[in-house]
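**Student:** The numbers in UniProt numbering rise by one with no breaks, and the one at position 282 of the sequence shown is 282.
In case anyone wonders, no lab produced these hints; they're calculated from the structure. Hints are not guaranteed to be accurate.
Once the Cα atoms are required to be at most 20 Å apart in a straight line, the calculated SDA-like pairs of lysine to any residue come out as [claimed, not checked]:
id : residue 1 : residue 2
1  : Lys190    : Glu93
2  : Lys190    : Gly169
3  : Lys190    : His179
Between beta-carbon pairs, the in silico distance windows are [said to hold, decoys possible]:
id : residue 1 : residue 2 : range
4  : Gly122    : Ala323    : 44 to 50 Å
5  : Asp173    : Gln244    : 16 to 22 Å
6  : Arg131    : Lys190    : 19 to 25 Å
7  : Gly169    : Ser308    : 25 to 31 Å
Heads up, the beta-carbon is just placed ideally off N, CA and C, and yes, glycines get one too.
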Amino acid sequence: MPRTRTLHLAAELAPGTGPSASAADPLAASSAGTAAARTVALARLAEAAGLDFLTHDDSFARPGLDALAVLARVAPETRSVGLVPTVTTTHTEPFHVQAAVATLDWVSRGRAGWRIAVSPSGAEARLFGRRPAPPTAALWQEAGEVAEVSRKLWDSWEDDAEIRDVATGRFVDRRKLHHVNFQGATFSVKGPSIVPRPPQGHPVTVVDATRPAARDTAAHHADVALIRASSAEEAAALRAELLQGARAHGRDPGQLRVLLSATVDLDAYEGGPGALAELIAGWHGGGAIDGFHLVPAVPERDLDRFASDTVTRLRDRGLFRTAYEGGTLRDHLGLTRPVSQYATTGAHA
């Protein structure tokens, strides 16, 4: 029976994330203005191809521009494509993290997400000097708590909390602001947020679930889980594990998208863009994945070939959109906009 599930496509923007990339990072080596122009050009290329979203990797382990800041610069230069920076939840303040992601959602008019990452190395911990690096399992538990409190803080302003009444000078209805009073293992947050509820309600949460330590956090909190697999059977098993985990956490597994993330060199990849289109179509059609996340070995070259050739072949087979049908990243992914968990209690706050 032919599948009618929507195919989702995404790509990574940052150079230096693939094994074939040059040791010299052109983004770090160039001026901020040149880097921004380069990233905007790549984003427009991806948007013209109709990709669901773009990721921008980041880490405390290497120099470079902040991914959130880079995509905030890209946001006004694009109209439709989703923007998903990597945000490290270790050594950072959850309150500030959620406010920054919410701000990106406002700047992009509902196209923001965040890819949660952790910082496990002692060298990175010493950059901050707050604590030694905890075990990886503890870091992912903490990351899950950051995701949870972020949702609560995004909900701490009800959708109609802003009244902007010029006559009375009232900007907000205080009855529709809520303290979240969250207590985690390593932090506590009172709230409410300092940023109104984002356009999407909750910006899209992305988790790389390749490592087993991250899988439960992905199943519990992610809207999109990224996996790596060497066969369709392995990908299908990982997808089934994540969907089962989501169900075990009381979630609707239909609200989780699982994308294969693969580093691709379209200058040396056997069969080139056409073979990649066949792989994506086959794995998606067989139910192994919901989509594909390209990590280009050389972004300018490989993203261009992916957009102009691979995506075109998928469109010709009726597998991928020819135009965006909605305005938000949740629209692109077919995800519902969450109702604020505090909306029904506003009258009693």
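**Student:** For each hint given before, does the structure comply? Return the numbers of the non-compliant ones in rising order.
**Tutor:** 2, 5, 7
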